[in-house]
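Novice: One-letter residues, chain by chain:
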Amino acid sequence: MSVAKRRNINWNVGVRASVAVISTFLFIAPVLWMVTTAFKTGNQAFSGEIQWFFTPTLENFAEVLGGTRLTYALINSLQVSVISSIVAILLASGIAYPLARYEFRGRDQIAGTILSLRIVPPIVTIIPLFLVMRTIGLNGSLLSIIILHVFMNLPLAVWLLRGFYEDVPKEIEEAGAIDGLGNIGIFFRMVLPLAMPGVASTALLCFVFSWNEFLFASVLSNAGSQTVTVALTQYVTPVGTEWTLIMAAGTVVAVPVWLAALAAQKYLVRGLSLGAVK
Amino acid sequence: MSPGLLFLAAISLYPTLYSLVVSFMRWNLSSGEAARFAGLDNFVGLLTDGLFWNSVRVTLVFVFFSVLIELVLTFGLALLFFRGFPGDKLLRALIMMPMLCAPVVVGLLARFSLEPTYGIVNQLMRSIGLPTTEFLGNVDLALPTLIAIDVWQWSPFLFLILLAAMQGLPEEVIEASKIDGASWPRIIWHQFLPLLRYPILVGVLLRLIDSFRVYDIVYMTTRGGPVDATSTMSWQIYDVGFRAFNISYAAAFSWLLLLLVLLAVNSLIRRMVARS
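Here the protein sequences line up with chains A and B, keeping their order.
Basically the numbering used here = 1-based index in the first sequence + 1.
Take the second sequence: its position 135, counting from 1, is numbered 124 in the numbering used here, and each next residue is one higher.
One should not assume that every hint holds.
Stated by the list, open to error - A partial selection of chain B residues facing chain A, derived with a Cβ cut-off under 8 Å:
1. Pro(-8)
2. Phe101
3. Tyr107
4. Asn111
5. Met114
6. Phe231
Stated by the list, open to error - Covered by chain B, per the in silico footprint, the following chain A stretches (three or more residues, Cβ under 8 Å):
7. 33 to 40
8. 54 to 66
These are calculated hints, taken from the structure and not from any lab test.
Ideal placement from N, C-alpha and C gives every residue a C-beta, glycine not left out.
Use the sequences and the hints to build the structure in full.
Specialist: Okay, here's the thing in structure tokens:
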């Protein structure tokens, strides 16, 4: 390669990298502003001028986490997200594994119907489900939110798990069958361990969606069963808004999701595109 | 029949039918009157209701522009990234941050950033001599502002899908066209776009489905205002059903929303299922 050509390529990479850095900054700047504001005192945040350098304070976090409201909601959200993710994975496995393994009539129709459930906007389902929950007396309970989050995440989980279970080589299962394992034994002792990275990241995605969900949780919760997204809405009051506190609360809500995504990063794209782009 | 299928059937079929029944009744939870059959009253009422048509228009404008802008923007961004450069993995991980924030958090952040006196957007605008602007309180600016917020939050999602797809393209395709002396715009148009049709289809489909349901951000920022300028169908249904408690009207409303979504994504989803 000639020197001129190589220089041209380096220049090319340099330009692309610079434009990419600027674009990335545009995407993360508001997030950075949220996180830095969370570490500011009121005077620093509302001076009317942007303060690039300041002495960070943990006061906002102390106040947000010291109060009962957000802490309580965090515990609620943790329960809802963890339980609904686990249940969604279990139920979805029961659907996805047969879809991945066995040829049977109507297989593609079932898969298609399950996927099509994701199209329905939540506002469409919430009205009848609200009435049903009211009738059976589950209104305002964490259980009702958990049930709806399982419902919300099932199509996604089925679609993803099906892909991950398909990736397990068939020969391994046949070897298990020869060793005398039943279907359930084969699934739990051979397929599940091999598909574990995929299953775990599916669970993390379900966790993220459940943690961030707002409409179902807001319609069905009461003061005792608020999730974090619902609790956040209460910080904005008509009488003065304490933005430093709100930004601290927003940061606290966002951090678990960032961590979960970091853990599932390898499978994130596949997960978000329902396995369509592997 | 696995337990999962039973659960799905129970929780989707029953409420669906129930809501269809409710949409043919007259039922307001706040009036205390018993529900009674009303035939097509709700649907006729909706089709002659200015607020309904306003919400249809707002939703279609929101969906069309947010998805279109996101697609064009992220295609360019993915082209920037797909050949790689030092540090690209780190940038890619950072770009994901907006889409991982709960829409409720994004709504709060938008309110704070756009706040007239100490919001960062207005501070920056003033520093280059632009006037202070009430983005969310202005009838003409509120909807474009919501579109911008959606583009900011969800472009990373399309970006990741397109980038993964581009990186999966066979190297020979690009090499071969280069040897033929094709220019980059030609390679992109004649090689990339045809080969990337399916991932683009999936990405656009998922964005369409999600933008039709926009609700959380509206709730946190404009609450449908000013003067219904940002009253999307999802928001309007919530307003009718859970603030005015006109349950049957909201049920009929939501059936029309579902119909609109199905019309919009039907051909796309059929192609997607056919490919899988």
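Novice: State for each hint whether it applies.
Specialist: Comparing the hints with the structure gives:
1. Pro(-8): holds (6 Å)
2. Phe101: holds (5 Å)
3. Tyr107: Status holds, d = 5 Å.
4. Asn111: Since the shortest Cβ distance to chain A is 10 Å, the answer is violated.
5. Met114: violated (12 Å)
6. Phe231: Status holds, d = 6 Å.
7. 33 to 40: Since three or more residues must qualify, the claim that chain B covers the stretch 33 to 40 of chain A holds, with 3 doing so at under 8 Å.
8. 54 to 66: That given contact is violated, which follows from only 0 residues of the stretch 54 to 66 of chain A lying within Cβ reach (below 8 Å) of chain B.
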